[in-house]
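Protein chains: 2
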Amino acid sequence: MANRDIVSLRVFSLNCWGIRYLSKHCPQRYAMIGDLLCKEQHDIVLLQEVWSEKDYLSLKKKLACSHPHSHYFKSGVIGSGLAIFSQHRIHDAFLYRYSLNGYPYMAHHGDWFGGKAVGMAILNIGTMKAHVYVTHLHAEYCREKDSYLPHRVVQAWELQQFIRHTSGGADMVILGGDLNMHPQDLGNRLLRSYTSLRDSYSETAKFDGCEDGMTLIADNPFISKKEIVPFEKGIRIDYILFKGSSKVDIRCESMSTTKGSVPDHPFPYSDHEALTTELRLDPLTQTETGSDKQTKEQDCAAGKVAELVDILTEARTEVKVGLHCAERMRYTATRTGVMGLALLFLELAIAAVPWLALGAEQPFPRASFYLLGALCFAILLTTTLLYIFYTMEVKSLQGAEDQMRLAVGSLQEKLRGFPLAQPRNNQRRPPEGQEPGAFDPEE
Amino acid sequence: MANRDIVSLRVFSLNCWGIRYLSKHCPQRYAMIGDLLCKEQHDIVLLQEVWSEKDYLSLKKKLACSHPHSHYFKSGVIGSGLAIFSQHRIHDAFLYRYSLNGYPYMAHHGDWFGGKAVGMAILNIGTMKAHVYVTHLHAEYCREKDSYLPHRVVQAWELQQFIRHTSGGADMVILGGDLNMHPQDLGNRLLRSYTSLRDSYSETAKFDGCEDGMTLIADNPFISKKEIVPFEKGIRIDYILFKGSSKVDIRCESMSTTKGSVPDHPFPYSDHEALTTELRLDPLTQTETGSDKQTKEQDCAAGKVAELVDILTEARTEVKVGLHCAERMRYTATRTGVMGLALLFLELAIAAVPWLALGAEQPFPRASFYLLGALCFAILLTTTLLYIFYTMEVKSLQGAEDQMRLAVGSLQEKLRGFPLAQPRNNQRRPPEGQEPGAFDPEE
Chain A
1 MANRDIVSLR VFSLNCWGIR YLSKHCPQRY AMIGDLLCKE QHDIVLLQEV WSEKDYLSLK
61 KKLACSHPHS HYFKSGVIGS GLAIFSQHRI HDAFLYRYSL NGYPYMAHHG DWFGGKAVGM
121 AILNIGTMKA HVYVTHLHAE YCREKDSYLP HRVVQAWELQ QFIRHTSGGA DMVILGGDLN
181 MHPQDLGNRL LRSYTSLRDS YSETAKFDGC EDGMTLIADN PFISKKEIVP FEKGIRIDYI
241 LFKGSSKVDI RCESMSTTKG SVPDHPFPYS DHEALTTELR LDPLTQTETG SDKQTKEQDC
301 AAGKVAELVD ILTEARTEVK VGLHCAERMR YTATRTGVMG LALLFLELAI AAVPWLALGA
361 EQPFPRASFY LLGALCFAIL LTTTLLYIFY TMEVKSLQGA EDQMRLAVGS LQEKLRGFPL
421 AQPRNNQRRP PEGQEPGAFD PEE
Chain B
1001 MANRDIVSLR VFSLNCWGIR YLSKHCPQRY AMIGDLLCKE QHDIVLLQEV WSEKDYLSLK
1061 KKLACSHPHS HYFKSGVIGS GLAIFSQHRI HDAFLYRYSL NGYPYMAHHG DWFGGKAVGM
1121 AILNIGTMKA HVYVTHLHAE YCREKDSYLP HRVVQAWELQ QFIRHTSGGA DMVILGGDLN
1181 MHPQDLGNRL LRSYTSLRDS YSETAKFDGC EDGMTLIADN PFISKKEIVP FEKGIRIDYI
1241 LFKGSSKVDI RCESMSTTKG SVPDHPFPYS DHEALTTELR LDPLTQTETG SDKQTKEQDC
1301 AAGKVAELVD ILTEARTEVK VGLHCAERMR YTATRTGVMG LALLFLELAI AAVPWLALGA
1361 EQPFPRASFY LLGALCFAIL LTTTLLYIFY TMEVKSLQGA EDQMRLAVGS LQEKLRGFPL
1421 AQPRNNQRRP PEGQEPGAFD PEE
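Residue numbers (my numbering), protein chains in the order written: chain A, 1 to 443; chain B, 1001 to 1443.
Among the hints, a few may not be true.
Coverage of chain A stretches by chain B, computed from C-beta distances (three or more under 8 Å per stretch; other residues unrestricted) [stated by the list, open to error]: (1) 76-85; (2) 91-100; (3) 312-319; (4) 386-397; (5) 400-408.
Here's a subset of chain A near chain B, in silico, CB distances under 10 Å, partners left out [as the list claims (entries may be wrong)]: (6) Y72; (7) I122; (8) H131; (9) R251; (10) F267.
Just so you know, the hints here were simulated from the structure itself, not pulled from any lab data. The beta carbon of each residue, even a glycine, is placed where N, CA and C say it ideally should be.
Build out the structure end to end from the sequences listed, making use of the hints.
As structure tokens, then:
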């Protein structure tokens, strides 16, 4: 670092697959990852699935010299699994927990327990302020029939909101992580279009890694072919995205990924491939900024707004599908609960009959009575919990849909070419130097 | 609005106490609130405790002419209770859910079920961009022994983080709501010092309302004296805070509160008093901005940073107290769970003895067996749920404490007068025009 020019920045991202006692060769792989990071001395290291704080702390100890600054994002029951190591001082950290993240009863998928979130760290790189984000979205278990799609779309929506709203004063924005979305998936388009973040893989001319930039590959010994069906060779779901600002121009000099194996080691670092991106930072002078950027923006304004409206409409449809599904599930839970209650009353009535009637000529079936009672109780408890859970899901989906509708309305007004100020107030003029309809997603 | 100058902005805030069927005279009070808002035509209306979406929708219908733009923030099981009505178009909305919000088993306090959050709406007021926030923090039920204090401090911490990080591009910031904190409470100092938000009540020379700006007063018929003990007359816990930017200077022209009764009505709008603030906006030219602000900032920089460090240290202590308490509770839950498990094994052993031994000479106490079994099961279920809950609480408190430690470190470095760039890189220079140690909490 000390010998390298400040205008070059190396960023590393890896999903560590760090489930203690369950992930294969976990301690050995952490040792390998630590060695790699010590040796490579990237400026910024973004890790996902560091589920155990102990593993984070041992990495922190190992990287004390190469990466003196670090932050571990705590959340949920198990944690967010997100960690950042940096050569540059971290001044501030902030965490946003996604409102939706799968279902607690899908314990074998386990996403719900992870408390998925997006972590932000503010770094000063020389004289520039970098907002660095690390995240991990809900996994896709079956591409053909992906019941988690609405959740992932809402996560992508909240991710772009969080980045857009918190990067106001940033000179550069960097996002790394396992998005669990293919390059052209809805959530990915939503994220990239809204935030104007650029994809390292697409932006660089110098790429060294797996075919098509894939990060979950069939050649990785920890991957079962089932996970990537119907894709034979693999999929690209991990990313390093970036953007500059009016003060800094960023280009991606080169990018590389690991290729399913590590020289001199019997297994790779993780079930995901590791990404390394080299960014080149060119500070802009004030004069370059204004005219240059504005012309570019106006050129593509209408087209970009129209594209955003289309993507948002698609996202709203997906969220509505999820909403419909959640409402149906809540209805089913309610109906089952009512049936459980009816069964309980019936049982009590049956129990009351011989007690009210004269004798104990026939023995009362005590064991069946208790068993049935326990069953009714279990049904009522489960359906109540499910009802509460689905109500929260419905609320979150509705909330996201409301926000998307608001955004579509605002974009459509831009598209119609109306000035942004309220039409009723004729004395108001549009912002200086801004043509009506000029696109600025920050606005 | 149409007749008023654009540089004047009227903001209204009220905790509506809108619990359907439980709050006294709820429908009548909503009708009164609707009438007031229609008549007064404030630019921005910030409401809290609008627990029912139906009530929001009926208000929306009533205010369709006076306040054509509105947003209702959905969250949690019941909702966040937050709503915003505006004469100016709302372009974007974003919600942040606090990580801590009381305990689910404190059902009679009910805060946990509310899904407390802070809502943000982005409005264009003429050519200016306003970021408007509405929130409602956890209630204080007993000032002498406030077990929710760590939760409220963490909420205040997250609130200031959210406002600070999302208001980067704003020309003005307005926050209204029921903070459930007295003016000099730790959380309030944390919020105001970190965000530089100014308090309408303290800033105005023209105040009309209850003594000392109180918003929860003994004279309000919905208030029981117990709620405000040990304060006889009342307390100030609702606020409208604001700040301008380098582009807009804001002053508070006047402020008023209701006084516990409404003329021609038998009862007030709510158990809280309503707040109205009139803000005066003066757009600044670029030349005014730079030199003026910078001199002021540098003057008070060191003092302000030192004050912030003190407040943060106090907040960390409070969070650590909460952490200690949560860890103790988790330990108690674990111990009780283990005892429940031991009891279950003991019971099974007792049951096995007569079964293994020869005869049924003594009748097996079946009813007691089932009852004890049910008790063990209930203990195990409850302690498991509590363990999960306390683990999440511990994680959130630790997370907040980590972030606070990071912030203190960063502030102390400023205080020592070191340049912000990393000391190892001697070629780096401090940002242009910024003296080392100059205070900018956004940085």
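How the hints compare with the structure:
Residues of the segment 76-85 of chain A with a Cβ under 8 Å from some Cβ of chain B number 3, which satisfies the need for three, so the listed coverage holds. Here the segment 91-100 of chain A counts 8 residues with a CB under 8 Å from a CB of chain B, which clears the bar of 3, and the coverage holds. Evaluation of the coverage hint for the segment 312-319 of chain A: breached, as 0 residues show C-beta separations to chain B shorter than 8 Å, against a requirement of three. Using a Cβ-Cβ cut-off of 8 Å, 5 residues of the segment 386-397 of chain A lie near chain B, which meets the minimum of three, so the contact claim holds.
Counting residues of the segment 400-408 of chain A whose beta carbon lies closer than 8 Å to any beta carbon of chain B gives 4, which meets the minimum of three for the stated coverage. Residue-level restraint check for Y72 (chain A) holds (minimum Cβ-Cβ distance to chain B is 7 Å; threshold 10 Å). The criterion of a C-beta within 10 Å of any C-beta in chain B is met by I122 (chain A), whose closest approach is roughly 8 Å, and the hint holds. The beta carbon of H131 (chain A) is positioned within 10 Å of a beta carbon in chain B (closest approach about 9 Å), and the interface hint is therefore held.
Taking 10 Å as the C-beta cut-off, the interface hint given for R251 (chain A) is violated, the closest approach to chain B being about 21 Å. Taking 10 Å as the C-beta contact cut-off toward chain B, the hint placing F267 (chain A) at the interface is violated, the least distance being around 31 Å.
In the structure shown, a violation is registered for the earlier hints numbered 3, 9 and 10, in ascending order.
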